[in-house]
Each structure stands twice: as C-alpha cells, then as structure tokens.
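Quick mapping for you: the protein sequence lines, in order, are chains A and B.
Add 1086 to a position in the first sequence, counting from 1, and you land on the number used in this note's numbering.
Add 1038 to a position in the second sequence, counting from 1, and you land on the number used in this note's numbering.
It should be emphasised that the hints constitute simulated quantities derived from the structure, not laboratory data.
It cannot be assumed that every hint is accurate.
What the hints assert, rightly or not - Derived contacts from chain A toward chain B, CB cut-off under 10 angstroms, selection only:
| id | residue |
| --- | --- |
| 1 | Pro-1095 |
| 2 | Lys-1164 |
| 3 | Leu-1186 |
What the hints assert, rightly or not - Stretch-level coverage of chain B by chain A, calculated; a stretch enters the list once three of its residues show a Cβ under 8 angstroms from a Cβ in chain A:
| id | segment |
| --- | --- |
| 4 | 1049 to 1060 |
| 5 | 1106 to 1112 |
| 6 | 1139 to 1152 |
Glycine included, each C-beta is placed from N, C-alpha and C at the ideal position.
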Amino acid sequence: AQTVTQSQPEMSVQEAETVTLSCTYDTSESDYYLFWYKQPPSRQMILVIRQEAYKQQNATENRFSVNFQKAAKSFSLKISDSQLGDAAMYFCAWVEYGKLTFGQGTILTVHP
Amino acid sequence: EAQVTQNPRYLITVTGKKLTVTCSQNMNHEYMSWYRQDPGLGLRQIYYSMNVEVTDKGDVPEGYKVSRKEKRNFPLILESPSPNQTSLYFCASSLTSGRSSYEQYFGPGTRLTVT
C-alpha cells in the first residue's frame, strides 16, 4: 500500500530562522505528484508547494522550497525566513488517480 | 470564483440521528471525494466519485454513504452516526482522476461531533 510518513509530530523555529519538515513516501509509480499543504487554525487546506516526480529540479515558491530525492523517496519542505504566520499544521501528500494520501502531519510553532 | 462549498461547517448531533453533509463545486469537475481528518492519522479518504452515478469506497468507508446524482454535488450521508465518527470532514474535487488531479480543490471543512 502506498504510504506517506511524517516522522516529526511537532517542530519549532525562531522567527526569521529556517526549518525543514521531513516526509518519506512509498510508491512503485514513476510519474506522480507530491504536495505540501498548510492547515492554519482556520482548518482551511492551503497548497504550499507541488512537485512533479519526473522533474529533477526542486520546486520553489518564495520562502518555501523542497528537497526531492526520488530514489530515496524523500520529500522535505524547507521554510526560510520563518514568519509568525507560518505557524500551522503541515501535511505532506501524494496523489494517484485523484486520490490524495496524506502523512500524519507536523505541527509547526514559530517563536517570536 | 472557483470553489468547493460544504454545509454545515459545524454540527453537533446525537448517536443514531441521520445526517447529511453537503458538498458542491462550481468547476465542472468530474472527480470528487470525501476525507476525514483525525489527530495523528492525517486525512483519509472515505468515498470518491469519478463522475455522475459512479462512486466507490475509499480507505475508511464504514458507516458512510454517498451519492452523485448531479455532477456538482456529492453529499456525505451518515445514516446512524456514532461517536467514533466525530471528526473533521473535507470534500475535495479535481477536474479528473488523471494527470489533472494534481490540481485539487478543498472545501472549508465540517467539524462534526457525535455525542
């Protein structure tokens, strides 16, 4: 069964510092998409960044970037210059035939 | 504005009292699904629909029903809710289940409490 694992239930970071959230996944597919979603206290699911598996280049969106290691099936999220508004639950996810498979989530706390 | 709507946003009910959570999208999407979110488990798919009148079970379908009579609507039905169905529920949609499913749209979530 395809799985997504986030091994860090909680992480914390000082404002303006950098933090990396880890994610590993398991699939036998060769072409797929990976995502990081942010869920603030409002509970809304917000797409942070998306990576297509056949693209070698790591995706970047402003302060958010990923380290995608396809062979290792690793997909970590780096948040640079952390801001108080980055505090949220973060989910790693993988999509196959429309179905998203999510990791357990990582709660990120940002200290001023 | 492209969106997925869910109603109600909050619901407290009692064991055994049938309820329906509605989901509607205005993007002419073929693929729709329901997820439940529980602490430590992330989001798990309950049911999905690939088009009108085509529905199938996801990973945690027990205790739930769905229907897809119109393309835009995909209601989630709990015929006899139990406390273990207390959860946060999300409806999601994408254009198809193929490569375009990289673009997923989520509803705002429904917080359900069953006492």
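Now for the hints, and whether the structure bears them out:
A cut of 10 angstroms between beta carbons decides the hint on Pro-1095 (chain A): the least distance to chain B is about 8 angstroms, and the hint holds. The restraint placing Lys-1164 (chain A) at the interface with chain B is violated, with a minimum CB-CB distance near 21 angstroms, outside the 10 angstroms limit. Hint on Leu-1186 (chain A) holds. Least Cβ distance to chain B is approximately 6 angstroms, under the 10 angstroms limit. Only residues whose beta carbon comes within less than 8 angstroms of a beta carbon in chain A count, and the segment 1049 to 1060 of chain B has 0; fewer than three means the coverage is violated.
Using a Cβ-Cβ cut-off of 8 angstroms, 0 residues of the segment 1106 to 1112 of chain B lie near chain A, which falls short of the minimum of three, so the contact claim is violated. Using a Cβ-Cβ cut-off of 8 angstroms, 7 residues of the segment 1139 to 1152 of chain B lie near chain A, which meets the minimum of three, so the contact claim holds.
Comparing the model with each earlier hint shows violations of hints 2, 4, 5; every other hint is respected.
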